[in-house]
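For reference, the chains in residue letters:
There are 2 protein chains.
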Amino acid sequence: MARKPLDYDQLNENVKKVQYAVRGELYLRASELQKEGKRIIFTNVGNPHALGQKPLTFPRQVVALCQAPFLLDDPNVGLIFPADAIARAKHYLAMAPGGLGAYSDSRGIPGIRKEVAEFIQRRDGYPSDPELIYLTDGASKGVMQMLNAIIRNERDGILVPVPQYPLYSAAISLFGGALVPYYLEEEANWGLDIVGTRQSVAAARAKGMTVRAMVIINPGNPTGQCLSEANIREILRFCYEENLVLLADEVYQENIYQDERPFISARKVLFDMGPPLSREVQLVSFHTVSKGYWGECGQRGGYFEMTNLPPKTVDEIYKVASIALSPNVPGQIFMGLMVNPPKPGDISYPKYASESKAILGSLRRRARIMTDGFNSCRNVVCNFTEGAMYSFPQIRLPPRAIEAAKRAGKEPDVFYCLKLLEATGISTVPGSGFGQKEGVFHLRTTILPAEEDFPAIMSSFKKFNDSFMEQYEGYSRM
Amino acid sequence: MARKPLDYDQLNENVKKVQYAVRGELYLRASELQKEGKRIIFTNVGNPHALGQKPLTFPRQVVALCQAPFLLDDPNVGLIFPADAIARAKHYLAMAPGGLGAYSDSRGIPGIRKEVAEFIQRRDGYPSDPELIYLTDGASKGVMQMLNAIIRNERDGILVPVPQYPLYSAAISLFGGALVPYYLEEEANWGLDIVGTRQSVAAARAKGMTVRAMVIINPGNPTGQCLSEANIREILRFCYEENLVLLADEVYQENIYQDERPFISARKVLFDMGPPLSREVQLVSFHTVSKGYWGECGQRGGYFEMTNLPPKTVDEIYKVASIALSPNVPGQIFMGLMVNPPKPGDISYPKYASESKAILGSLRRRARIMTDGFNSCRNVVCNFTEGAMYSFPQIRLPPRAIEAAKRAGKEPDVFYCLKLLEATGISTVPGSGFGQKEGVFHLRTTILPAEEDFPAIMSSFKKFNDSFMEQYEGYSRM
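Chains as they are written, first to last, in UniProt numbering: chain A, 1 to 478; chain B, 1 to 478.
By construction, these hints were calculated from the structure, which means they are not laboratory data. Mixed in with the good hints, there may be bad ones.
As the list claims (entries may be wrong) - Derived DSBU-like pairs: lysine-lysine, alpha-carbon spacing no greater than 30 Å straight-line:
#	chain 1	residue 1	chain 2	residue 2
1	A	Lys35	A	Lys312
2	A	Lys114	B	Lys16
3	A	Lys437	A	Lys35
4	A	Lys312	B	Lys419
5	B	Lys114	A	Lys35
6	B	Lys17	A	Lys17
7	B	Lys207	B	Lys54
8	B	Lys406	B	Lys419
9	A	Lys419	A	Lys437
10	A	Lys90	B	Lys54
11	A	Lys35	B	Lys312
12	A	Lys4	B	Lys17
13	B	Lys4	B	Lys17
14	B	Lys406	B	Lys17
15	A	Lys90	B	Lys38
16	A	Lys357	A	Lys268
17	A	Lys4	B	Lys319
18	B	Lys16	A	Lys319
19	B	Lys343	B	Lys357
20	B	Lys312	A	Lys207
21	B	Lys319	A	Lys419
Unchecked claim - So these bits of chain A aren't anywhere near chain B, every CB distance computed over 12 Å:
#	residue
22	Glu13
23	Val162
24	Arg198
25	Val339
26	Gly409
27	Glu411
28	Glu438
From a predicted model like this one, the values you see are computed outputs, not experimental measurements. Here a beta-carbon is modelled for each residue, glycine too, at the ideal position from N, C-alpha and C.
I would like the entire structure built from these sequences, with the hints used as guidance.
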């Protein structure tokens, strides 16, 4: 019988090649167990609200009013909404002819792109041009748009840190390019080794590849490190010398849990370096409303800013963005609110400030408790989570556990994570989903479960791990 | 000097090949004129709220409450929200752990997919499986996902109606496939001629192409026709015989302006036909919250339903959807509300029903006024808009106008539409953006300007057109 066009073996091979571990085997098994009634702690995705984080009040008030503009004429509106939220809703509705129900320009609402540019200028100390800022349905969509523009064929290579967030490997497969790995050094607190990166590029070129772009994730996902200014300078010089576009995934820029290495944007460092680099290096920087202390993942708001891209290219990106008409408008308003939050003196400022501070303070404590907890476990070592939302401990699996995994037809880290899930309900992602050096095993967990649940989670993890280790290391049960 | 990776000539060729006329030269020129202070009537995109259509009240109340769930505990909430909106907000929040700020499953919230399945079952009289329904950020994103899965290389052909909505040509270019046109017959009220379609497939195959899918847009965009049941049956038989996936773009299914040919879904006709077709033909059907009498374009909500796709393919589509994590959650709730609106007896039903009826009634009148208006103009002939949101008149350009266009370096219809824009502020899309037969010229306009503006718009159009025709036809001014 003839194969039909949407039979599996007839599909686009690039689609089939895609791997996406964050919602892979572990997630699917966890979903099954949940259906069967088991209590699952989903730490596979950085999804704070799903784990109980409450939304910030002010932005939700503003967007609720924008969704229901007829409330602005209701005499009772002042009873349940503060005056500055009402004023801000009017501010955004004036920018969006037709309101939230109308497609915006495909690049996003001009007034909100201007608010983003002002935020960037305040942050970096250099002017930013709203015409080079495009709003997106979350940062992932922006990353995909740029990779789609860059990748021409299977010989086009994209330098990606390993371990990496699998958005990059998945999108590169989908667009038919090649991932060129550069390894982060676990012993150097997941720092980037530029010598090794240079070797990766040379090796890729020796195989006939054209390396076109370099991805950095700062703060790191899944690794949690914050890049130093010196490190970013080195990266920019490298991109300049090797003629690479730098794709700077900076979605965790507000998630910093130490004071030694504050976040510095790649763009600021680039402009600090001056010409020729500041005029030559092509840079695209990504941001989102899904992370920070907002965690508004489900709203799908984001932006990217293009630096040193020629106008004709900027136009092409616009054209392709137009195919799907416009990013969702409520998500755009969240982005405006994130870059332009209540200020001291505003009615809503005290509440906004105390909510934000409570979330960030708690994340900082959780980062510390989790790292310490992992390091107290047998055969587990873990760098401190300097930033982002994840912990990425190394699990030193005994040879007998590796053999048992092989017999079960699983990667060793998948085997460990599945056992962890079945025993404790903790749903993690195996390190192999992010890439890791040969023979070394990790898992990724978010630091997002509610703070009050941490003692129980960490003790449940420790109990499982130590008994797993005893089983496969000791003489007892095998 | 070395070319940089994001210089224009270094971009992915498929990106450069994309054409997207709906936001093309005419739209850009209109935006410029608007900046200069000219009053522009944007009829280039089916964007009802941008032209003054008011949102339906009930869904906005529900989504506003979902955005601000703390209102549900406010003792004053009952003063400004009706009880059924409050109840419905609780219903959706119970389905979405973490609320609107959490990523949902990449396929969408299970409870809403179930509401969609129930809607389809009521509409078609056949059961529908929520596991085969995926929610999307608007229908366009779903179409792109499916085309990406189908197209393997530049010899894979997709049958697309001409004139067509340029989403299809643009996405096919972007994914590196080939568009195989089949022509709709203007003289037969834009009906599909299956003999001509068969010839198109044969011609494509003779060139070495594998034709893999067929797109239908019903009701038609830009052409406005409603397909008869007999016509859909013919199409399904054709897809069965030729081994094509049918992609049924049914986003205008609620926009019907006559009673002779009601909307019938391709899926209903397929199941009515029975085996072997009902078990064999692969069908994907698309819907949206952007059209109908909702017009909630900016919310970006949509779904597609897969029929007769094997489970492994359904899983692959899931995997690829996961890369961008989840469709926006407020848009999903709009979809739930659209397929499950207030019912007779509900507090909000009378208002919902009268708002919906007013919008549809007015669209029906506007469809008639616009068609009649065009047909009253010199050298303009126009089929009646049976459905959808557009009018697609043929403009019979005199030879001297065609010569003048050539001298100006423009397509003749672009030339005409630019002159129309400059003279009247009416921003349309030239027929060449949708495809048309050689030597025949059209423009597309939406029927969406406010009803009270129609007399002025149509008289301004007539004045421009008749004077244009006189200029290029008559002896006077050349």
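Status of each hint after checking the structure:
1. A:Lys35 to A:Lys312: Violated. Lys35 of chain A to Lys312 of chain A sits at ~51 Å, over the 30 Å cutoff.
2. A:Lys114 to B:Lys16: Roughly 28 Å between the alpha carbons, so the hint for Lys114 of chain A and Lys16 of chain B holds.
3. A:Lys437 to A:Lys35: Given pair Lys437 of chain A, Lys35 of chain A is violated - Cα atoms ~35 Å apart, limit 30 Å.
4. A:Lys312 to B:Lys419: It holds: about 26 Å lies between the C-alpha atoms, which stays within 30 Å.
5. B:Lys114 to A:Lys35: Measuring from Cα to Cα gives roughly 16 Å; hence the hint holds.
6. B:Lys17 to A:Lys17: holds (25 Å)
7. B:Lys207 to B:Lys54: With Cα atoms ~50 Å apart, Lys207 of chain B and Lys54 of chain B exceed 30 Å; violated.
8. B:Lys406 to B:Lys419: Within the cut-off at roughly 14 Å; holds.
9. A:Lys419 to A:Lys437: Distance ~22 Å between Lys419 of chain A and Lys437 of chain A Cα, so the pair holds.
10. A:Lys90 to B:Lys54: Satisfied, since the Cα-Cα distance of roughly 16 Å is no more than 30 Å.
11. A:Lys35 to B:Lys312: The hint holds at about 21 Å.
12. A:Lys4 to B:Lys17: Distance of about 29 Å is within 30 Å: holds.
13. B:Lys4 to B:Lys17: Given that 30 Å is the threshold and the Cα spacing comes to 20 Å, the pair holds.
14. B:Lys406 to B:Lys17: holds (23 Å)
15. A:Lys90 to B:Lys38: The hint holds at about 24 Å.
16. A:Lys357 to A:Lys268: Holds. Lys357 of chain A to Lys268 of chain A sits at ~25 Å (cutoff 30 Å).
17. A:Lys4 to B:Lys319: Given that 30 Å is the threshold and the Cα spacing comes to 20 Å, the pair holds.
18. B:Lys16 to A:Lys319: Satisfied, since the Cα-Cα distance of roughly 9 Å is no more than 30 Å.
19. B:Lys343 to B:Lys357: holds (14 Å)
20. B:Lys312 to A:Lys207: violated (34 Å)
21. B:Lys319 to A:Lys419: Since the Cα atoms of Lys319 of chain B and Lys419 of chain A sit roughly 24 Å apart, the hinted pair holds (cutoff 30 Å).
22. Glu13: The claim breaks: Glu13 of chain A does not keep its Cβ more than 12 Å from every Cβ of chain B (closest is about 7 Å).
23. Val162: Non-interface label stands for Val162 of chain A: nearest chain B Cβ at 18 Å, farther than 12 Å.
24. Arg198: holds (18 Å)
25. Val339: Consistent with the label, Val339 of chain A stays out of reach of chain B, its closest Cβ about 18 Å off (over 12 Å).
26. Gly409: Gly409 of chain A is indeed farther than 12 Å from all Cβ atoms of chain B, at 19 Å.
27. Glu411: The assertion about Glu411 of chain A holds, with a minimum of 18 Å to chain B.
28. Glu438: Consistent with the label, Glu438 of chain A stays out of reach of chain B, its closest Cβ about 26 Å off (over 12 Å).
Figure legend: structure checked against the earlier numbered hints; hints not met, in rising order: 1, 3, 7, 20, 22.
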